[in-house]
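Colleague: Since chain A is already given, all that's left is putting chain B on it; use the hints.
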Amino acid sequence: MFQASRYCALLGCMAVIYATPSEAHQLKVFATAIGQEIDGRAYFANGAAASGAHIIISDQAGKQLTQLQPDAAGQFHYHAPAAMDLRIIADSGDGHRAEWLITAAELSAPADTSSPMVFTAPTALPTPPVMANQLDPMLIAAIEEAVARRINPLRVELQHSIERLRLNDILAGIGYIVGVTGYFAWWRRRRDTSIK
Amino acid sequence: MFILIPRPTFIAVLFTALISSTAAAHFQELIPSNEIISTPNERALQFTLDFTHPMARGPAMPMAKPKHFGVLIGNRKVDLMAQLTPVQLNNQPAFTAQYTIKQPGDHLFFVEPAPYWEQAEGVMIIHYTKVIVSAYGEESGWDQPIGLPVEIIPLTRPYGLWTGHLMRGVVQYNGQPAPFATVEVEWRNDGSITAPADPFITQVIKTDANGVFAFTMPRAGWWGFAALIPVEQSLPNPDGTLVPVELGGLLWVRTRDL
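Line order of the protein sequences matches chains A and B. As numbered in the numbering used here, residues 1 to 196 make up the first sequence, in order. As numbered in the numbering used here, residues 1001 to 1258 make up the second sequence, in order.
In short, the hints are calculated from the structure, not lab data. These numbers were taken from a predicted model, which means no experiment stands behind them. Among the hints, a few may not be true.
[What the hints assert, rightly or not] Label-pair ranges, simulated between beta-carbon atoms:
id	chain 1	residue 1	chain 2	residue 2	range
1	B	Arg1256	A	Ala105	27 to 33 angstroms
2	B	Asp1208	A	His79	53 to 59 angstroms
3	A	Ile174	B	Pro1059	47 to 53 angstroms
4	B	Arg1168	A	Ile177	43 to 49 angstroms
5	A	His79	B	Lys1206	23 to 29 angstroms
6	A	Ala109	B	Pro1093	35 to 41 angstroms
7	A	His96	B	Arg1168	28 to 34 angstroms
[What the hints assert, rightly or not] Pulled from the structure, derived: some chain B residues nowhere near chain A, Cβ distances all over 12 angstroms:
id	residue
8	Gln1046
9	Asp1208
10	Phe1215
Note that beta-carbon positions come from the ideal geometry of N, C-alpha and C, so glycine has one too.
This is chain A alone, in the form it adopts within the complex:
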């Protein structure tokens, strides 16, 4: 009786141990669009990259447009042929699937200037109102999109350099203190020796 219940408990324990990873490692996929450029990432619930998953991009009717292989970080890129609803499907081949929808509205909308990679500081310079009235809205949208795409890496780099600067400032400050102290010590010593 005791033996049997212990055996059952052991079996239960093993079942839990084996069952946990499949539950815990839920496959997920996420994508954003800047203009018609789609960037995405396949990942597991614990944050690990799902680099081994296949990415299938299809239209709303289910017609497959392409199949991609994410990189080691689980990231992938796709240029949408037109502003249309797209289904982004990640498939790990073992029955796990995840899906994300990119809408036609997202693909045709001007670039989201509040990019995920940077501080939420004002980004775009205000366009002079007179100019804006004279220009084609399509052209303005295209310019905004192009500018946003070009400056995004700069904004990320700027943020990194700001963080680096903070360390530089501290080191420079310490150096400054050491320098001033040294100069003061030298000056005192020189004064002492000159008095003698």
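Modeller: Leaving out everything else, chain B in the frame of chain A:
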């Protein structure tokens, strides 16, 4: 340089502090409209930031503009001060904020409020407060410290919690576990509960020798955990007199009925 507190004032302050310690506790609130974002339709978050007595539903206290408000996503801190909008809540100054989730992963929102002068207790109160929003199923980062002076590091994943869930966490003061620290717990009352007696308003628990606390949340809604650390540090009150400081590390979690 150092301003000495006159003895009668000190005694009065001490006395008031003793008297008022049994009343409802102050909690800095940082409450998002949702703690789990599963689809892009839910990604626009609205935050409420106010300083109040959550279980007693007030009275609220005036909240000055916070010193910091931001979010930690992975290892990247984003300043959200520009998102704060001053509002009146319960006839007191408070703030709201908007934030749109843009990527998967745990979002650790935090606020460092301006020090609040609590005249009745004779202390300046700073409640460093955080709340964690899960986005698109990538459950990574909820247990990382933001680096606040007093901070609760959850030992239970702080979202997807049922009513009756046991919440565990470790209280850290300057990055080190705080043994035998007081943690006050209040439920953010929606008006459906009237406490039968004062001790039901604020639950009081203490951390163990390793700074770990545990509390079972018996009702659905938002639960605030306030780890309180009295420190020797002094701050000038509005009159310029140096007074003691109560540092708090708050964590808000939401439970839902099973």
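Colleague: Return holds or violated for the Cβ distance of B:Asp1208 and A:His79 against the range 53 to 59 angstroms.
Modeller: 56 angstroms, holds
Colleague: Measuring from beta carbon to beta carbon, are B:Arg1256 and A:Ala105 in 27 to 33 angstroms?
Modeller: Cβ of B:Arg1256 to Cβ of A:Ala105: about 32 angstroms, so the range 27 to 33 angstroms holds.
Colleague: Within 28 to 34 angstroms or not, the Cβ separation of A:His96 and B:Arg1168?
Modeller: 30 angstroms, holds
Colleague: Taking the shortest Cβ-to-Cβ distance between B:Asp1208 and chain A, state whether it exceeds 12 angstroms.
Modeller: Non-interface label on B:Asp1208 holds, nearest chain A Cβ at 27 angstroms vs cutoff 12 angstroms.
Colleague: Would you check whether the claim that B:Phe1215 is not at the interface survives, using Cβ distances to chain A and the 12 angstroms cut-off?
Modeller: 25 angstroms, holds
Colleague: Do the beta carbons of B:Arg1168 and A:Ile177 sit within 43 to 49 angstroms of each other?
Modeller: Roughly 45 angstroms apart at Cβ, these two residues keep to the hinted range, so it holds.
Colleague: Indicate whether the distance between the beta carbons of A:Ala109 and B:Pro1093 respects the range 35 to 41 angstroms.
Modeller: Check passed, 36 angstroms falls within 35 to 41 angstroms.
Colleague: A cut-off of 12 angstroms on Cβ-Cβ distance, and B:Gln1046 was said to be off the interface with chain A. Does that hold?
Modeller: 15 angstroms, holds
Colleague: Quick check: does the Cβ-Cβ distance between A:Ile174 and B:Pro1059 fall within 47 to 53 angstroms?
Modeller: Since A:Ile174 and B:Pro1059 have Cβ atoms about 48 angstroms apart, the given range 47 to 53 angstroms holds.
Colleague: Has the hinted range 23 to 29 angstroms been met by the Cβ atoms of A:His79 and B:Lys1206?
Modeller: 58 angstroms, violated
Checked against the numbered hints given earlier, this structure breaks only hint 5.
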